[in-house]
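Following the hints, position chain B against chain A.
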Amino acid sequence: MRTTLISLTFLLVSFAGMSQKNEYYKAMGESLGQYATCRTIEDFQSLGNKFSMIADAEKGEWLPLYYHAQCYTIMSFMEPSDAKKKDDYLDVAEKSINKTVEMAPGESDIFALQAMFYSARLVVNPMERGQKYGMLSGQAVGRALGIDPTNPRAKLIKLQNDMGSAQFYGKDPKDFCGEAKALLTGWDEFKPKSALHPNWGKQQVAEIVGSCN
Amino acid sequence: MKIYSLIIFLLLGSGLSAQTAISGTVRSQKDGSLPGASIYLKGTYDGVSSDASGHFHFKTLKTGNYTLVVDFLGYEPFSTEVILNGKSIQLDVELKETFSKLDAVTITAGTFEAGDKKQANTISSLDMITTAGANGDVFGALQTLPGTTPNGESGRLFVKGGDSEESQTYIDGAYVQTPYNSTAPNTATRGRFNPFMFKGTIFSTGGYSAEYGQALSSVLLLSTNDMPSQDQLDLSFMSIGPEIAATKLWKTGAVTATLGYNNLGPYMNLAPQNYDWKQAPESTFGAISFRQKTGKTGMFKVYSSFDDGNFTLAQLDLNQEKMIDYGLDNRNFFINTSYKTNAGENWILTTSSSFTRDQDNVQFDGNSFKKSLNGFHLKQVAARELSRKITIRAGAEWLTKSIQQTYHSTEDTFINKYTNNTLAAFIEGELYASKRFVARIGARVEYSDYLQRSNLAPRLTAAWKLDQNSQLSVAYGWFYQDPSDDYLVYTHLLNYERADHYIISYQVSKSDRTLRIEIYDKEYSKLAKQSQGAFYIPESYNNSGSGYARGFDLFLRDKKSIKNGDYWISYSCLDTRRNYRNYPEMAIPTFASRHNFSIVYKHWFGKLRSYPGVNYRYSSPRVYNNPNSSTFNNEHTLAYQSLDISWSFLYKPNVIIYGAVTNLPGFKQEFGQRFSDNPDGNGIYRSTTLIPGSRRFYILACFVTLTRKGNENQLDKIQ
Chain A
1 MRTTLISLTF
11 LLVSFAGMSQ
21 KNEYYKAMGE
31 SLGQYATCRT
41 IEDFQSLGNK
51 FSMIADAEKG
61 EWLPLYYHAQ
71 CYTIMSFMEP
81 SDAKKKDDYL
91 DVAEKSINKT
101 VEMAPGESDI
111 FALQAMFYSA
121 RLVVNPMERG
131 QKYGMLSGQA
141 VGRALGIDPT
151 NPRAKLIKLQ
161 NDMGSAQFYG
171 KDPKDFCGEA
181 KALLTGWDEF
191 KPKSALHPNW
201 GKQQVAEIVG
211 SCN
Chain B
1 MKIYSLIIFL
11 LLGSGLSAQT
21 AISGTVRSQK
31 DGSLPGASIY
41 LKGTYDGVSS
51 DASGHFHFKT
61 LKTGNYTLVV
71 DFLGYEPFST
81 EVILNGKSIQ
91 LDVELKETFS
101 KLDAVTITAG
111 TFEAGDKKQA
121 NTISSLDMIT
131 TAGANGDVFG
141 ALQTLPGTTP
151 NGESGRLFVK
161 GGDSEESQTY
171 IDGAYVQTPY
181 NSTAPNTATR
191 GRFNPFMFKG
201 TIFSTGGYSA
211 EYGQALSSVL
221 LLSTNDMPSQ
231 DQLDLSFMSI
241 GPEIAATKLW
251 KTGAVTATLG
261 YNNLGPYMNL
271 APQNYDWKQA
281 PESTFGAISF
291 RQKTGKTGMF
301 KVYSSFDDGN
311 FTLAQLDLNQ
321 EKMIDYGLDN
331 RNFFINTSYK
341 TNAGENWILT
351 TSSSFTRDQD
361 NVQFDGNSFK
371 KSLNGFHLKQ
381 VAARELSRKI
391 TIRAGAEWLT
401 KSIQQTYHST
411 EDTFINKYTN
421 NTLAAFIEGE
431 LYASKRFVAR
441 IGARVEYSDY
451 LQRSNLAPRL
461 TAAWKLDQNS
471 QLSVAYGWFY
481 QDPSDDYLVY
491 THLLNYERAD
501 HYIISYQVSK
511 SDRTLRIEIY
521 DKEYSKLAKQ
531 SQGAFYIPES
541 YNNSGSGYAR
551 GFDLFLRDKK
561 SIKNGDYWIS
571 YSCLDTRRNY
581 RNYPEMAIPT
591 FASRHNFSIV
601 YKHWFGKLRS
611 YPGVNYRYSS
621 PRVYNNPNSS
631 TFNNEHTLAY
641 QSLDISWSFL
651 YKPNVIIYGA
661 VTNLPGFKQE
671 FGQRFSDNPD
681 GNGIYRSTTL
691 IPGSRRFYIL
701 ACFVTLTRKG
711 NENQLDKIQ
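Those sequence lines, one after another, are chains A and B. Heads up: the first sequence begins at 1 in my numbering, then just goes up one per residue. Heads up: the second sequence begins at 1 in my numbering, then just goes up one per residue.
The shape of chain A in the complex, shown without the other chains (with noise of 0.2 Å):
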């Protein structure tokens, strides 16, 4: 009876962490699908609303904070004019990447996050911000390669960054095509680690492709 008694414990405790762990998935799970149907920048905040109250129940999982700032990165790039509201944005995005940063630093995709949030923060001001900005995103992307050259979110990054800079100098981004072509071909190679790690640029690359013909 006793014996019973505690392994049934154990089991409605364990029930209790494992019924957490599957809210979190379930959680995760509704907020990543919810992506598909984010359009404006109320609804990228709305779903970052989600994400950084999944990372406050969660505190342990970079993921929930990853997709925060993945979100007001997004909505800083939305943003059609206001520098202010631009910068508020990514501040907000800074401080859940540097938490990642210090919770995963062998993770490619976040340092491929850091280098796209350094670029939006060249976007606001290309003109004085191109030196500095241009230089940390090359940067964040040499080491989300360095850890893993097939990731294929760093390379989206960085071909954006190429054509960004290419258009800016007067040069034909176009020049960029074959190997955006060949990122779009070799996309699904790269397997992500879980259903919830990140898995998404495969339309920003077909866009691209689909704007070289």
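Since the hints were made in silico from the structure, they are not lab data. Careful, some of the hints might be misleading.
If we take Cβ atoms under 10 Å as the criterion, some of the chain B residues that face chain A in the derived model are [unchecked claim]: (1) Leu41; (2) Val48; (3) Ser610.
All values reported here derive from a predicted model rather than from experimental measurement. C-beta atoms are modelled at their ideal positions from N, C-alpha and C, and glycine is treated no differently.
Positioned in the frame of chain A, the structure of chain B alone reads:
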């Protein structure tokens, strides 16, 4: 068995317990309903975002005590305890705006700020470098801002009716004794420092903080770059000489070494010159800059430079009616250190120091004149944040300056010298009442052991944000400065000179457009005067001078209206008179002009990989004194005009080719007349017109940056 049923009951029970519905609205006092706020139960996955009208509604299966959090960007997070027991919860939340100094009102009266900070700047460091006509000189670029008057025969800063000696320069908090290169009399000088050393610039044309003393008119605060980001080698080939700079990084620090050589000889042989150079200006310079991070927040910086320059120029001596050679050899050594660190939670400590050793050796007509300056400055500042809205800063400094002037003629040698130690302390509080109102109240005390005088200078500034885009700023303060070295070498019987500033400034800025209007009044008192007695007698000097400078400045900056284009327009109107030095009466000083206008335009042509710029300046006629006339300072110079162009071409991302022409149309420029010391036999003082060294100035340069990656460039150091 009982226990099983209990467990099953418990399990079922938790499943059966009623859902709790939580709903409500999120609003803010200022903006009304807030859509997009995050509402959730802390530590759970239950929550939503507020909808377009600020409403929210969600259900939770949780029971018991939880914390409900309402969170939204730009507002203080709100949290409250809730008991979840199946009863619906209705909650209307009003969020308070977060207080952040970054987007709170800032003090702008008298101040132009630039840097790599995120907020929109009036003038950025890049602007200072790419401005046509500035030729890569910090001071040259500042002369496109309102409140300044270009003086072609000096090149120094003259701010709001103040003499150039009334403006001081600080690097990383430390005083710079010799910010300008030495030149021949009546020729334009340049700053000693390369603009690309600096990440931020604050140019204050009045009403500045109690931290800064010994300046009646303006302070220029330069902060040097933090860590460079990679190893690199920079090579510059300019029409006036080459320069090489190498940067080496390690994990927590970096060092940059620079070496350069300039010689204007070859250039002057090609371009027509107005002056008769016997030996063209030539200089050798080097600098070492060192950065070291210490601990988590500490940063230690050292910048050290030497410069050795010389030239010989033949100038007409009106007293002897013949050409004489004027030769100058200048040696300058400067070292500047700063250490900044956080101490505990709320303290920031900054220690700065500088040492200058400057020697001018002038040879003319068989005579020699040597001026040597040794200066040391040490400053310790502690800042403590008492709360997010109140910061107190306090500091103490020691400034010592030794000047020795040796005049050596064929018959005689005169040595005049003085050493002055100034001890000073200041305290200042910055108080935010809200995001919309800030006041800075401070005071400064100084004591001079040479003058045996002390002063107390109160300073007060405040700023109100009138609405989202506009603000009003006011400044008031007393400012003291030692009289000129030229007097102090002969006398210690003088007191500090004083200026009182009154400034009102209105600024409106919206999406990359800024308009600024500033009205000011500066009242001078106790200005040093030289009386009729012999110049070497200490009693010949007194503090009976006075004066005023009043006017208004307009500034418009627009990066928005023209795509890829960027322009700013400055206009200043100045009304000033003073009675100082050897003036017989109140008069308009020779360095002041009533109307100053400047327009700078730059445009980025991506296809051409080019960033050309154009700059036009107009300055209304200045006065000068003609000793042949009975009225003092009653002659007028020509109005000053200059149209300058520059073109930067990005040949490759790491190779920039740059060309510039100052005064392209060749406007006639003259800066008044110089007169002989004594009248000739007919009672007439002989004169000659002061003109610039050449009608136009051309520069051509190529900058190459070599890095491991090979694509960084030197865009930020176009000169």
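The hint names B/Leu41 as touching chain A; please verify it with the least Cβ-Cβ distance against 10 Å. Holds - the Cβ of B/Leu41 comes within 10 Å of chain A, reaching about 9 Å at its closest.
Tell me if the interface restraint on B/Val48 is satisfied: Cβ within less than 10 Å of some Cβ in chain A. B/Val48 check passes; min Cβ-Cβ to chain A is 8 Å, inside 10 Å.
Are B/Ser610 and chain A close enough, Cβ to Cβ, to be under 10 Å, as the hint says? B/Ser610 check passes; min Cβ-Cβ to chain A is 9 Å, inside 10 Å.
In summary, the structure agrees with every hint in the numbered list given earlier.
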